[in-house]
Amino acid sequence: MRTRLSDDELAVRDAFQSFFQNECSPAVVRAAAEDTGFDPHLWEALAAMGAPGMALAESVGGAEATLSDLAVVAEVAGAHLAPVPLIEHAVAARAIHRAGGHDDLVGELAAGTKLATLALRPPIDQTARLVPAGAVADVVVVPTVDGLMVSEGTPSKLRIPNTADLPLADRDVSNAAPLSGGTTNREQALDEWRALTAVAYVGLARQAIEIGVNYAKERTQFDVLIGTFQALQHGYADAATQVEGGRLLAYRAVWALETGQPDGSRLAGMALLFAAQAARFATDRSLQYHGGYGFSEEYDIQLFHRHATAWTLQLGEPALEYARLADAEFGARTVSADQGGAA
Amino acid sequence: MDFSFPPQAETFRSEVQAFLAEHLNEDMIRATHDGTIHAPALHAAMADRGWLSGPVPAELGGGGRSALESVVLNEEMQLARAPIDAMAVTIVVAAILLEHANDTVKETVVPRLLDGTALGCFGYTEPESGSDVAAAATKAVRDGDEWVINGAKMWTTMAHIADYVILLTRTDPEVPKHKGLTFFLVPLDTPGIEIRPVPTMATERSNATFYDDVRLSDQWRIGEVNGGWAVMKTALKYERGIAGGQFPSPPVIDAAVDWARTHVRPDGTHPIDDPAVRERLMRALIDVEVCRGFAYHCADLANEGAMFGVEGSMTKLFASESYKRHCRDFHDLMGAEGLLTHEAVDAHLGGRIEENLRHSPVTAIYGGTSEINRNLVAEVHLGLPRIR
Chain G
1 MRTRLSDDEL
11 AVRDAFQSFF
21 QNECSPAVVR
31 AAAEDTGFDP
41 HLWEALAAMG
51 APGMALAESV
61 GGAEATLSDL
71 AVVAEVAGAH
81 LAPVPLIEHA
91 VAARAIHRAG
101 GHDDLVGELA
111 AGTKLATLAL
121 RPPIDQTARL
131 VPAGAVADVV
141 VVPTVDGLMV
151 SEGTPSKLRI
161 PNTADLPLAD
171 RDVSNAAPLS
181 GGTTNREQAL
191 DEWRALTAVA
201 YVGLARQAIE
211 IGVNYAKERT
221 QFDVLIGTFQ
231 ALQHGYADAA
241 TQVEGGRLLA
251 YRAVWALETG
261 QPDGSRLAGM
271 ALLFAAQAAR
281 FATDRSLQYH
291 GGYGFSEEYD
301 IQLFHRHATA
311 WTLQLGEPAL
321 EYARLADAEF
331 GARTVSADQG
341 GAA
Chain Y
1 MDFSFPPQAE
11 TFRSEVQAFL
21 AEHLNEDMIR
31 ATHDGTIHAP
41 ALHAAMADRG
51 WLSGPVPAEL
61 GGGGRSALES
71 VVLNEEMQLA
81 RAPIDAMAVT
91 IVVAAILLEH
101 ANDTVKETVV
111 PRLLDGTALG
121 CFGYTEPESG
131 SDVAAAATKA
141 VRDGDEWVIN
151 GAKMWTTMAH
161 IADYVILLTR
171 TDPEVPKHKG
181 LTFFLVPLDT
191 PGIEIRPVPT
201 MATERSNATF
211 YDDVRLSDQW
221 RIGEVNGGWA
231 VMKTALKYER
241 GIAGGQFPSP
251 PVIDAAVDWA
261 RTHVRPDGTH
271 PIDDPAVRER
281 LMRALIDVEV
291 CRGFAYHCAD
301 LANEGAMFGV
311 EGSMTKLFAS
321 ESYKRHCRDF
331 HDLMGAEGLL
341 THEAVDAHLG
351 GRIEENLRHS
361 PVTAIYGGTS
371 EINRNLVAEV
381 HLGLPRIR
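Sequences listed follow chains G and Y, in order.
At position 343 of the first sequence (counting the first as 1) the number is 343 in the working numbering, and the numbers step up by one without a gap.
At position 6 of the second sequence (counting the first as 1) the number is 6 in the working numbering, and the numbers step up by one without a gap.
Check each hint, because a few of them may be wrong.
Over 10 Å on every C-beta distance to chain G, these chain Y residues come out as not near it, computed from the model [said to hold, decoys possible]: (1) Leu68; (2) Pro127; (3) Val133; (4) Ala135; (5) Val198; (6) Asp218; (7) Asn226; (8) Val257; (9) His297; (10) Arg325; (11) Gly350; (12) Asn373; (13) Ala378; (14) Pro385.
Examples of chain Y residues lying across from chain G (beta carbon under 10 Å, computed) [stated by the list, open to error]: (15) Met1; (16) Pro6; (17) Ala9; (18) Asp103; (19) Glu107; (20) Asp273; (21) Leu285; (22) Asp300.
Worth flagging that the hints you see were computed from the coordinates, not collected in a lab.
Quick reminder that beta carbons are idealized off the backbone N, C-alpha and C, glycines included.
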């Protein structure tokens, strides 16, 4: 049992912490938002750090880092709202690699010279709707009823306007080819996305609290620092408690998936729902305690607020995620169709 | 990170489960409805196995079980609804004594606390000082080799069955409040002590205790004269570390799932097939996993010899506040039938949800209120200005 980062994980954390501090300021995030929502220069720099392939096998050019190591990077990337689809790319590349038979492609993905993403919902009429990084990805891994498929194509570089200026786009996946591994591979990919996104949410939420706490130590009203107000202190204390609880759950989910624990999928689903909610609460408190400035475009907290809202919705309705977990927990509902909507 | 349990702890978990299956029964749980959350037979059986001394560090003379094994014991006992209040308090008192008491007390009292023949209770809170515990006004005045104690304590829960109270007193009213405190271990059969019941809104009973010219020899002093705050810190450390409280919700959720599966609504459906009910149940189960993460985290820190403070505050804050929410949610779920108490013959599962609903508010109060814990998180974890 070690509920804190190991020395190796701390080394990864420190390296990427300084990387993102140098390369991914709020100005970078804002510039990406004006464009596609993706920063190709940041992606190249990340590729030079070996991040895109870090959790892939050495045989395909990866670094064979653990999923936990990848989570450490996801947390730091989340804290900086990095405008790169690191999680989607890594999860998609791992799924293609698990399926086997695409070593050349996986090699390009490990090097980061091609960009992959994971569509989080099955396509309808050959179109995957609102694909994360769909505006910029060369390769889209698509979930279907039977498992996963992979589609290569030229991205439009046009994002659909959205809450957090994410590079969302619809993708025509009519050329998609099936990946082997069936539903097991699909569920592993989606669960890795859930767990890693939960960790990214923790990074986002911690940063949002830190921004707000720093502001509270500078801002004076009624002749005192607003940080001395108990209403504000207790709001941040509740937020921090949820976020730290979410952090332990998210990393436990990552560990459980990595080590093949029977509750890995359950924990991954739980972690995403909880961490997303904690991040929404934390960004709500932080924005609120900024007063009017929090609402202005100039202050960064609004970026965190919008990203907190957006990330998890890419997967679909949270209610359906609760329903999915409930089916696994309690068995499927046994209500006839005409009572299906009774709630 | 690595969330696996060492094999010893897993083996111990199986032992605890087997032990509870053998020694804990519904009658024992029902017996706590008289207000006293204690099961003497279970306590004795635990003592036989040496489990009472388990959480106490070996270098202090305890059983020296790892913090992970202690959390396993706590977890399994709470999942099984074992009445652990008197036991947990007694173990904390023993741990405080081993750290701060003189040899006589360590050799005569502590063995009795850990072999199950004597019980201890806390005497910190007073009618005029709750969260501001260092403002205790109960006076101890030196008289030769003796001390004379006068005052009153509130929430001395278990005092009516306990043998000793660990008492926070004021020995110097002239210095800042934290610097004039001294602890005593007071045998509850000492002349001048009166114990009056304090009924509560739940099934449990607490006590007010009154001290009228209670005379004690100096050998019952715990720690230095005016050094009581150091003892108080130890007390809080153990209370957060040993006393448990991270897993109050699972039995309530179990009851809610059982209700949702078996109850038939007027339209002929079961609540378990209602998406809104399923979401509420899932949210509660997620909260339990968060509590589990916190519990394991505190155990991991303790195992490393780190003194956890703010992590304990977060754990208690989250566990108690979410427990209250679960009780309210599932009381609501049951509608009118939720109102039935354990005394009603057809109360669902002996009125378990109703009983927990009424018990739950105190968990966000005792051992440090949610507000005090939020203050600590704000000050220690976030570095916001101290405002008290």
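Tested hints:
1. Leu68: 6 Å, violated
2. Pro127: About 24 Å separates Y:Pro127 from the closest Cβ of chain G, which puts it past 10 Å; holds.
3. Val133: With a cut-off of 10 Å, Y:Val133 remains clear of chain G, as the shortest Cβ separation is near 19 Å.
4. Ala135: 19 Å, holds
5. Val198: Since the minimum Cβ distance to chain G is about 29 Å, Y:Val198 lies beyond 10 Å and the statement holds.
6. Asp218: 42 Å, holds
7. Asn226: 30 Å, holds
8. Val257: 7 Å, violated
9. His297: 4 Å, violated
10. Arg325: 13 Å, holds
11. Gly350: Check passes; 23 Å lies beyond 10 Å.
12. Asn373: Contrary to the label, Y:Asn373 does not stay out of reach of chain G, its closest Cβ about 8 Å off (not over 10 Å).
13. Ala378: Contrary to the label, Y:Ala378 does not stay out of reach of chain G, its closest Cβ about 4 Å off (not over 10 Å).
14. Pro385: Violated: least Cβ distance 5 Å, not greater than 10 Å.
15. Met1: Holds - the Cβ of Y:Met1 comes within 10 Å of chain G, reaching about 5 Å at its closest.
16. Pro6: 7 Å, holds
17. Ala9: 8 Å, holds
18. Asp103: 35 Å, violated
19. Glu107: 35 Å, violated
20. Asp273: The hint holds - Y:Asp273 has a Cβ within 10 Å of chain G, the shortest such distance being about 4 Å.
21. Leu285: 7 Å, holds
22. Asp300: 4 Å, holds
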